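A.B. asks: Given the sequences, and given the hints that come with them, work out the whole structure.
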Amino acid sequence: DTGVSQNPRHKITKRGQNVTFRCDPISEHNRLYWYRQTLGQGPEFLTYFQNEAQLEKSRLLSDRFSAERPKGSFSTLEIQRTEQGDSAMYLCASSFGGELFFGEGSRLTVL
Amino acid sequence: TQLLEQSPQFLSIQEGENLTVYCNSSSVFSSLQWYRQEPGEGPVLLVTVVTGGEVKKLKRLTFQFGDARKDSSLHITAAQTGDTGLYLCAGGRSGGGADGLTFGKGTHLIIQP
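Chains A and B, in that order, give the protein sequences. Our numbering puts the first residue of the first sequence at 1, with every later residue one more than the last. Our numbering puts the first residue of the second sequence at 1, with every later residue one more than the last.
Worth flagging that the hints you see were computed from the coordinates, not collected in a lab. Only a predicted model underlies this, so the values are computations on that prediction, with no experimental measurement involved. One should not assume that every hint holds.
No farther apart than 16 Å at their CA atoms in a straight line, the calculated lysine to aspartate or glutamate pairs in the EDC-like style are these [unchecked claim]:
1. 56/B to 71/B
2. 105/B to 44/A
3. 11/A to 41/B
Residues from chain A shown here face chain B by an in silico Cβ test under 8 Å; the list is partial [stated by the list, open to error]:
4. 41
5. 42
6. 43
7. 102
8. 103
For each residue, glycine too, the CB sits at the ideal point set by N, CA and C.
C.D. replies: Here is the structure:
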C-alpha cells in the first residue's frame with residue numbers, strides 16, 4: 001500500500017491521559033500536514049512540515065498539542081492531558097508541493 | 001482568515017436527479033480542490049482547478065472555477081446512490097504554502113434510491 005497510513009485508527013482514552021498518533025506519508029512526499037475534523041465540519045489545519053522542518057505551528061489548538069517529524073519521514077502528533085473537547089478525527093496528509101493526499105484518519109474519543 | 005462557504009449544507013435527492021453545490025469566498029485562491037469524504041474515512045481528491053473560468057469534467061461530475069477565482073461549483077448529472085458523501089471544497093495559495101488548504105464545512109449529499 002503506497003498511500004498515507006495513520007495509526008491507530010481509533011483511540012479511546014480517559015480525560016487527562018496523553019495520546020500519540022502516527023502518520024506515514026507517501027514516501028516521495030516532502031510535505032506533511034495535520035488537520036483536525038470534528039463531526040459535521042470540514043478539516044481544520046493544525047500544522048505543517050516540509051521535510052523535517054515544522055514551518056507552521058501557530059494553528060495548533062493549544063500548548064497541549066505538539067507534532068514532530070524527526071527524520072523527514074513519518075510524523076507524530078501528541079496531545080497531552082486530553083480533554084473531552086479533543087474528541088475528533090485527526091487527519092494527516094502529504095504532498096510534493098501540489099495536491100494533498102489524505103490518510104484515513106485517527107479517531108479520538110476522550111471519555 | 002480566508003473562509004470558504006459551501007451551500008447547501010445538506011442535500012437529499014432521488015437517484016437520477018441533477019444537482020449543483022457551491023463553494024464561495026471573498027478571497028482569491030490560486031487553486032481550488034474538491035474532495036469527497038465517506039464516514040470514517042479521509043477526504044479523497046476529485047479534482048483541482050487553477051485557472052479562472054476553468055471547467056473540468058469527471059464522468060457525471062462537472063467542476064467550474066469562477067472567473068475571479070473566488071468561487072466554484074460542482075454539478076452532478078443523473079445522481080447515483082454511490083455519490084452519497086460529504087463534498088468538501090478547499091482553497092490553496094500559490095506554491096502550496098505553510099497554511100496548507102483552507103476547507104469549507106462541506107455539503108452532505110444523500111442520494112436516495
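A.B. asks: All hints, please: hold or fail.
C.D. replies: Right, here's what the structure says about each hint:
1. For the given pair, residue 56/B sits about 14 Å from residue 71/B by alpha-carbon distance, which is consistent with the 16 Å threshold.
2. Taken as a hint, the residue 105/B and residue 44/A pair is honoured in the structure, with Cα atoms around 9 Å apart against an allowance of 16 Å.
3. Using a Cα cut-off of 16 Å, the hinted pair residue 11/A and residue 41/B holds, with the two alpha carbons roughly 15 Å apart.
4. Below 8 Å, beta-carbon pairs count as interface contacts, and residue 41/A has one with chain B at about 5 Å; its hint therefore holds.
5. Hint on residue 42/A holds. Least Cβ distance to chain B is approximately 4 Å, under the 8 Å limit.
6. Residue-level restraint check for residue 43/A holds (minimum Cβ-Cβ distance to chain B is 5 Å; threshold 8 Å).
7. For residue 102/A, the interface hint holds, since its Cβ comes within 8 Å of a Cβ in chain B; the closest pair sits about 4 Å apart.
8. At a threshold of 8 Å, the smallest CB-CB gap from residue 103/A to chain B is about 5 Å, leaving the interface hint in force.
Consistency note: the structure conflicts with none of the earlier hints.
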